[in-house]
Amino acid sequence: MTKIWHPNISSVTGAICLDILKDQWAAAMTLRTVLLSLQALLSAAEPDDPQDAVVAKQFKENVEMFQLTARHWTNAYAGGPNANKDFDDKIKKLIEMGVDEHEARVALSSYNWDMERATEQLFS
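So the sequence shown is numbered by UniProt numbering: it starts at 1 and just counts up by one.
Nothing false has been slipped in among the hints.
Calculated lysine to any residue pairs in the SDA-like style (CA-CA distance at most 20 Å, straight line):
1) 57 / 17
2) 60 / 45
3) 57 / 112
Just so you know, these hints were derived from the structure itself, not from any lab.
Make the full structure from the sequences, and use the hints.
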């Protein structure tokens with residue numbers, strides 16, 4: 001499964017917060033309809049109805065950091081073109097401390113790439 005940093009998709013489980021996948025599902029829906037709805041959600045996040053509250057908070061309070069983090073996750077998990085050396089260096093430092101790479105990425109992403117706060121969360 002390709003991991004994604006998005007308010008409406010869980011960064012832990014990959015669960016998607018989309019009404020047609022839950023209570024608005026209808027047997028008459030086509031695969032095309034579902035995929036178009038998913039594409040629309042990915043293009044226009046709904047941070048007021050989040051699946052991942054941490055990501056939604058970042059999206060609402062610091063959209064620039066959200067965009068940098070989302071680009072980083074795209075690079076790390078889907079081969080996207082936007083590498084971020086500063087983010088990669090922080091992840092490497094945590095790996096050297098014995099932290100799993102994905103856990104390091106989640107902690108740093110969750111704390112706006114603040115190494116001190118992420119380290120505190122990981123080791124407390």
